[in-house]
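> Let the hints inform the model, and build the full structure from the sequences given.
So the sequences go chain by chain: E and Y.
Counting along the first sequence from 1, when you hit position 260 you're at 1524 in our numbering, and nothing is skipped either side.
Counting along the second sequence from 1, when you hit position 102 you're at 109 in our numbering, and nothing is skipped either side.
Hints listed in this document are in silico derivations from the structure and should not be mistaken for laboratory results.
There's no promise every hint is true.
Said to hold, decoys possible - Under the rule of at most 25 Å between Cα atoms (straight-line distance), these lysine-lysine pairs were calculated in the DSS-like manner:
1) K1504/E <-> K112/Y
2) K26/Y <-> K227/Y
3) K27/Y <-> K199/Y
4) K1478/E <-> K112/Y
5) K1445/E <-> K1331/E
6) K199/Y <-> K112/Y
Claimed, not checked - If you want the ones that stay clear, here's a sample from chain E, every Cβ over 12 Å from chain Y, calculated:
7) L1287
8) V1307
9) P1322
10) V1323
11) V1358
12) I1388
13) L1390
14) I1441
15) A1443
16) Q1459
17) A1463
18) G1518
19) L1521
Even for Gly, the Cβ is constructed at its ideal location relative to N, Cα and C.
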Amino acid sequence: MSLIEYYPGHTFIHRLDPRVKILALLLTTTAIFISENFLVIGVICLTVFTLWLAARLPVRVLGRYFKLLLGLFTFVIIMQGLFLGGPTALVKPVIPAAVPLIGGLGRLSLEGVVFGILLSLRLIVLVALMPLVTMTTPIHLFALGLVRLGLPYRIAYTATTAINLIPTLEKEAAAIIAAQKMRGFTVFERGNFGQKLRAYPTLVVPLIIGAMRKAQLMGVAMDARAFGYSTRRTYVEDIKMTAGDRLVLAGVIGYNLAILVANFVL
Amino acid sequence: MAAELIRITGLSYRYPGSKKWALQDINLTVAPGELVALMGENGAGKTTLCQCLNGIIPHSRGGRLKGRVMVAGLDTATTLVARLALKVGMVLEDPETQLFTTLVKNEVAFGPENLGRPAGEIRRTITWALEVVGLQGYEERPPAALSGGQKQRLAIAAALAMQPQVLVLDEPTSQLDPVGSSEVLAVIRDLKERYGLTIVIATHDSETAAAFADRVCVLKEGRVLACDSPRVVFRDRELLRQAWVRPPQVAALADYIQARGVDLAGFPINLPEGRRMVTELL
Ligand SMILES: Nc1ncnc2c1ncn2[C@@H]1O[C@H](COP(=O)(O)OP(=O)(O)O)[C@@H](O)[C@H]1O
Ligand SMILES: [Mg+2]
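Structure below.
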């Protein structure tokens, strides 16, 4: 299951006006990028996780994605440790500092590692935050939310339709790998990193060609049903901002202001 | 104004980057209420001709178009596809890519919403269109979860929702199993007989053409070889052989009997007529 596909439910997060959810996503994403304090990031982490439970979203799926990202986190932490520099050395340089150009390489700084962990935490929160909106909002209401926030509907619809293609692409990737396996090609299962890297084009090229063809055909199908005919498009299912929605929005704004302040104070 | 709904004169078309003309000097008129079947082997130009009817060609695909295509009084070369969509409903060849929303009701609503119809009217349209294709009760299902025949019927409902004067169907049954096929064909028959809709249908299936069509147009390499009543077309063995079109089984049988020197009063092309022929002979 992808972190983008709608996950049906009737929780208050599901019922929230899409505009509120989109604005909350934008505000909180900004707050996360501003935050440099572990305590603050920790609090955001806790909030996001609590909301996952409140929305009854499948936490297991999230865990699977984090496992996939583990390599990336390790990479980021090591790279920051190697190259960011800082007064405290965790590991002594492999190459003596006296050597020109590459001297001092291999030195792992505590400050760098800590910053790498911070970056990884930010990434974790972002990955967990987005599904709180995408998985709780049917895509047509998400698009409508964008339109009501002022995005031209052609752009809103093209974007959300493209998002809609992602789960299809995931399924196609699985189908291609299965087809390759049937012909005895098992690099994606058993190969080492180099073999996988070299085999990647056999998977990606048909996927991209397929996606482009699909996107074009879909564009044709949309045109054939009068897409872009009227600037005053109507919607059978409209969205309405209730008093409750406004309250939540006020809460979200307050929460993010508090984070901003906490970053300065702490 | 002319009595015909579609008038194609001297139409030739070349896809962008292609040297070959996909259509060459096509002349064709379709009267209101008529059902015209387009037949011919793969690559004959059926899809291309279908897409000329609602302006997808040339507007969405580019390429070079000569001649003129008039539909319901509109020149497709100078009318936007979105505007032509009001007159021509289109069911494309691939059932997957033409359904792009997440719920059946949204799929049907998409067209009328684009036209800016009021929400209450759209709701009534959804109910009506789903009833016509026999999908009532499926409003809240995701299109991806439907069977092939249901998907194709949903595509028809989505086209009907804009209340077009012409419905164009590009091989609507070619990817379906027999059950799905007969469901879709029943809907097409209904649209013709109950609603008097003008229909253009590209098909490989001679049985379908013989049963439904008022006229059969045979295409080969982008040219119209013949355009006549199914009886005339399916009787012309030389024409069918040339265009790689298989005659309906009944016509093939009648042909066989005639070749043995039996004089048949009428040339049967579909099952009821075939049954009559056999009982008369016996
Ligand atoms: N997108 C395209 N670009 C270039 N040539 C095309 C394209 N689509 C179809 N053709 C060519 O146009 C001709 C007619 O094709 P088409 O209308 O798809 O035939 P049919 O639907 O009868 O199988 C064929 O020769 C085909 O190769
Ligand atoms: Mg075709």
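> If we take the beta carbon of V1323/E, is the closest beta carbon in chain Y still more than 12 Å away?
Since the minimum Cβ distance to chain Y is about 24 Å, V1323/E lies beyond 12 Å and the statement holds.
> Between K199/Y and K112/Y, is the straight-line Cα distance small enough, at 25 Å or below?
24 Å, holds
> Hey, K26/Y versus K227/Y, does the alpha-carbon distance stay inside 25 Å?
Answer holds: K26/Y to K227/Y is near 17 Å, not above 25 Å.
> Would P1322/E pass as off the interface with chain Y, using Cβ distances and a cut of 12 Å?
Answer for P1322/E: holds, closest chain Y Cβ roughly 18 Å.
> Within 25 Å, alpha carbon to alpha carbon, are K27/Y and K199/Y?
35 Å, violated
> Regarding the assertion that L1287/E does not contact chain Y, is the least Cβ-Cβ distance greater than 12 Å?
Per Cβ check, L1287/E is outside 12 Å of chain Y; nearest 23 Å; holds.
> Any Cβ of chain Y at or closer than 12 Å to I1388/E, or is the non-interface label fine?
Label holds. Min Cβ-Cβ 28 Å, cutoff 12 Å.
> Closest CB-CB distance from V1358/E to chain Y, is it above 12 Å?
Holds: least Cβ distance 54 Å, greater than 12 Å.
> Was G1518/E rightly flagged as not at the interface, with every chain Y Cβ beyond 12 Å?
Non-interface label on G1518/E holds, nearest chain Y Cβ at 33 Å vs cutoff 12 Å.
> Is V1307/E truly not at the interface, in the sense that its beta carbon sits beyond 12 Å from all beta carbons of chain Y?
34 Å, holds
> Over 12 Å to the closest beta carbon of chain Y is the bar; see if Q1459/E clears it.
Nearest chain Y Cβ is 33 Å from Q1459/E, so the label holds.
> Say whether it holds or is violated: I1441/E keeps its Cβ farther than 12 Å from all Cβ of chain Y.
20 Å, holds
When held up to the earlier numbered hints, the structure conflicts with hint 3 and nothing else.
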